[in-house]
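So the protein lines, in turn, are chains A and B.
Residue 286 in my numbering is what sits at position 286 of the first sequence, and the numbering runs on without skipping anything.
In my numbering, each residue's number is its place in the second sequence (first place is 1) plus 437.
Hints were generated in silico from the structure; no laboratory data involved.
Just so you know, even glycine gets a beta-carbon here, dropped at the ideal spot from N, CA and C.
Take the hints with a grain of salt, since some may be wrong.
[Claimed, not checked] Stretch by stretch, here's where chain B covers chain A in the computed footprint (C-beta under 8 Å, at least three residues):
1. 240 to 249
2. 294 to 307
3. 310 to 323
4. 331 to 345
Take a look at the letters that make up each chain.
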Amino acid sequence: MISLQRRLGLGIGAGLALVLLAVWVAVGWSTLHMSEEYVASRLEHDAENLLAGLRVKPKPSINAESVGTVYRRPHSGHYYTVTVGDTTLHSRSLWDDTLQVADRDGSYTVRLAGPQGQPLLVYVRRYERDGQRVLIAVAEDLGPMETTIDEFQNALGFIFVAALVLVLVGTRLGIRRGLAPLDGLRHEVERVERGETAQLPADAPTEVAPLVDALNRLLRLTAQRLARSRSALGDLAHALKTPLALIVHTAEDRDSAMDEVTRARLLKEAERIRELVNRELARARVAGAASPGQHFRPEEDVPALANVVRRLYAERGLSITWSVPARSFAVDREDMLEMLGNLLDNAAKWARSRVHVTVDDAPGLHLVVEDDGPGCPPEKLDAITRRGVRLDEETPGTGLGLSIVRTIVSDYGGSLELGRSDTLGGLRVAARFPTHA
Amino acid sequence: MRVLVVEDESGLRANLKQALKAAGYVVDVADNGVDGEALGHVEPYDAIVLDLGLPRRSGLDVLRSWRAQGNPVPVIILTARDAWNEKVAGFQAGCDDYLAKPFHMEELLARLSALLRRASGRPGQEVAVGDIALDEERQTVTTADGTTHALTGTEFRLLRYFMLNAGKLLSKSRLTDHVYEYDDDRDSNVIEVYVNRLRQKLGREWIETRRGQGYIFRKPGP
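Can you make the complete structure from the sequences, with help from the hints?
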């Protein structure tokens, strides 16, 4: 997984750190350089004053007034050495030391270690005075200045690091804030998935709005397609079943001139067509877990279904009872009605007088239909529940008609369990759905 | 017993009409929702067979409209739309039974007959009052002494209506409505003729005449 936050953070952080480092180095270097230039120009000035105060004859001497008092205070950090011929004059500040400098034409600056190891900047210049060669070396201790520069550098470095950290934290927060609408969008998409809403809210930020629009279009399209294919299949069913009813009635009509073999064959084939149409239709009708649709509300839907089954089997005087939770489940209502309807129909066929429906929600969605009929012998239960056995391949009337139930359960990634009812003694069919409703 | 069939497919409509007639029902037909709805509002049917996918007005809307008007006529929905949510919607709209196409005519007849028995308040497998039992399939009647009498079509229709409305005062015009088809020659005097024929077969005391009002069919008092 690529983290936008890490990627942006790394990019910005590394770039900024490089720039700040370059600035820091440049500032340090140029500060030092400028300070040296400044010191050098002052030293040059002092050298000229020394020259002005220099008397070569009869004996080389320097008028003490020509230079500042700092040169007379021992180890003050300001020193000079004047060499005239064989005579060398020192500033008093130097005490016993000398400034060992090379005698070259013109002027130059050099760094030397001072009497106490201080870093000295030395300005050296050769003059001609009264036919004598004069070499003047003036030095100043750079230590205090370097200390100041170092302190400045340190302070600057600290400020830069603080700025870098601030920028990184700011970027991180900015990214998180910027991506927050996406997080919200994810929650909305999850709500759509659970079927709580059909569309995403339109009040997304400008950058995310096109994505939201595109998702909404996709959702609408999917819903439309599902509705269209469902209604198209319904229409097909209607179109096929009515002529099929006519074929059956014609074949059943005892007055029509038709021998019994033909009649039986016609009826058999018509029955096959009917089964095929019903099976495929029922299968195609299943919306599956991913489709948004109306929620399944056991509190309303189970009594409605029980009423239908009771009326369809009105002659039987069945007692259908239920225990259901007062909440809704994010599974397609039509799918659940289809499944429960088939289970109830099956139970009603076999029950002596009682059918019980249980819906509970711990965990997921759990549906149980029990009856007090003859149940199913264990060896047959084994055959039915064995993997790979297709219930719909069984002959009609002898099978349990659980094909569509199985289709729906497997579409939702659920499981189906058949057994004997402890309370009613007949068949017990339990369907479990791993719903996150 | 007078039954309305609302079905848009002409072949099936003809089959239904023929089969229902043969089973001793007086049958009216409509081929669209609007006509069906109007007939159901106006005519005193004993039961209605209703398709759902109808032109002009859907079967469910027609049914809701009847129920909204307080019309309690028993209705069997006969439709290709047999998903359970559609069945739930059908019963919620007020139907009494639901049969999916394609269907066997015997099943429709059995369900219709059961529905009429339930509507008359006498559940059970057959139509019987006192010692008299009606065989709907053979269209015969068996009396207390065990003799079975064959019935003509009109006799059967009249007797079944009497038996399913036993104890009620039935006017001649009401009997005519439920025994004759809409476009038949409806001479109410003919009812007297058939009442007399039934009295010959069952015994006079079963059908009491209330002069100027009509007839009451009931088990003779001791």
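- Task: Give me the numbers of the hints this structure contradicts, sorted from smallest to largest.
- Result: Per hint list: zero violations.
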